[in-house]
Amino acid sequence: MAGLTLPASRRLGSALQALIPVTVQSRGFQTYSLPELAYDYGALEPYISGEIMELHHSKHHKTYITNFNAALEKLHDAKDPQSIVALQSALNFNGGGHINHSIFWKNLAPKNQGGGEGPQGPLASAISTQFGSVEKLITKMNSSGAAVQGSGWVELKHLVVETTANQDPLTNKGLIPLLGIDVWEHAYYLQYKNVRPDYLKNIWNVINWKDVSSRYEEAL
Amino acid sequence: MATATCSSILRATPWPSQILSSSPSLRKGNTRSSYRPIMMEFHLRPLPFEMDALEPYMSKQTLEFHWGKHHRTYVDNLNKQIKGTELEGMQLDELLKHGYNNGNPTAYFNNAGQAWNHDFFWESIKPGGGKKPTGEVLHLIERDFGSFEAFVDEFKQAAATQFGSGWAWLVGMPTDPLVENKFGKLAIEKTPNALNPLIPLLTIDVWEHAYYLDYQNRRPDYISTVINELISWEVVTARLERAKATINFYDVVVPDDQYKYK
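The listed protein sequences derive, respectively, from chains A and B. Going by my numbering, the first sequence opens with residue -3, and the numbers climb by one from there. Going by my numbering, the second sequence opens with residue 27, and the numbers climb by one from there.
Isolated chain A (complex conformation) (with noise of 0.2 Å):
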C-alpha cells in the first residue's frame, strides 16, 4: 500500500505513540481505534458542554474511524486502478478526521491542566513576531473560523492561520498543523446554537498552548 501509511503516531509527537490504539488485522493492514481523551468529558464546562464531547468524541469521532477502517479493508481488497481512485474521498474525508480530531483533543485541556494559560518559550517569541500578539492571534482565528463556509476547521500552521473544508487533513496543503479549531455545527450546536463566534471566544479559555508548542518546537 505504497503512499498510504499513515503514521499516527508521528502526527501526534512521539510521546504519545503508547496512547494511540492501533491494531494490525490478520490479513496484514493496520486498522485505528479511538484514542483516549486525556480529561473528562466535562472537564472543558462552561466552555464546552459535556454533552458536546461524549457526542463528538465518542460518536462523531469514532465514526470517522469505523469509516477509515472500511474504506482501508476495501483499498486492502482492491484488484484494479478505478477501485482504488474511488476510494480517494472517502479515505481523505474520514481519515481526515480522525487526524484532525486526534490533534483537536490534544489541543485542549481544563483549566486545571493547563487549559487557557498563553503560550511560552520559542512559540511565544515567533507569535509575537508573526502576529504582533496572542490577542491578535486569536482575533485572526476567530474571524477566519466564523467566516468558514458550511464546514471545517481553521488551524494555526506553523504560524500561518489557515482554513480547510470537511475534513481535508492540515497535511493536504503541506503544512505542519499546530492547533486546529473545529468549526462544524456539530461542535458546538447544542450549546451555541448558531451564534459561532461566541464558541470561538470561549474555547481560547481551554486551548493547550503547551501542546501547542511542543507541536512548534518539533517542527523546528
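Just so you know, nobody snuck in bad clues.
Only pairs whose alpha carbons sit at most 16 Å apart, straight line, appear in this in silico EDC-like list of lysine to aspartate or glutamate: (1) B:K95 to A:D194; (2) A:K55 to B:D247; (3) A:K169 to A:E158; (4) A:K189 to B:E90.
Keep in mind that the hints were calculated from the coordinates and are not lab data. A quick note: this is a predicted structure, and the numbers were derived from the prediction, not measured.
With chain A fixed as given, assemble chain B onto it according to the hints.
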C-alpha cells in the same frame, strides 16, 4: 436602483427613500413625475406551517433556530451584500445564476443559494406528509428507479454521504434519447454547502444545524424520518408539472409517415 415615475403612488406611500430624499438635490426639480429611488430587499418568507406542526419529527426549537436564525441570517446578509450595487433589484434566481459565475462563486452566492434552498426546503415538507406519492410522480419514480423503495434507498444514501454540509435532491434531468432511450428522467443529486441543481423537485437539508438539536449525530435517522413523515408529495407533483416545460419525460412518438422522405 430602479426608479418609478408614477407620482400618485409615491405621494401616497411612505417609501423609505423619502428619508433619503431630504437632500436638496433630490427635492428639487419636482415636476409631476418626480424620480424616487425604489429600494428592494429580500424578506424572510414565513414558514408554510406552524413552528410546532412538524413535531415530533422536527421540533419547534429546531425551526426557531433553523428558520428564525440561520435562514434569516442568510437573507439579511444577502441584503447587506447587494445593497447599493447593481445587483439590488435582481430576482433571487437571477442572483444565483450571476453568483455561480461558472463555478467560481462570488461572495453573495452562498447567502443567495442558502436563502433559495431553504425556501425550497420549507415548501418540500409539511405536517402529515411522507408516505408514498401517487399518480405521475409515483409512475416516474418507479420507471426511473425501479421501485419506490429503491428510490428511498438511493435518496437516503445520497443524503447520508454528502460529506460535510449540503443538500440531497430529487431532480429532473434531460438525457440523450440515443443513449438512455428517453428524453428526460428523474435522478438524485447531492450538492455541498449552498449549491443547487438545475431542475430541482425535492430536497433535504443535511447541514448539521438542520438536525443536530433533534437527532444529534444520527443523520440517517433524521433522513428516514423526513422521508417517511414529512415530504410533501403534492408540492413535488406541482414542481414536476413545471419541470415538464423544460424536460420531456416521455418518449416522443414519431408517426410512421414522417419517416418517408418527401
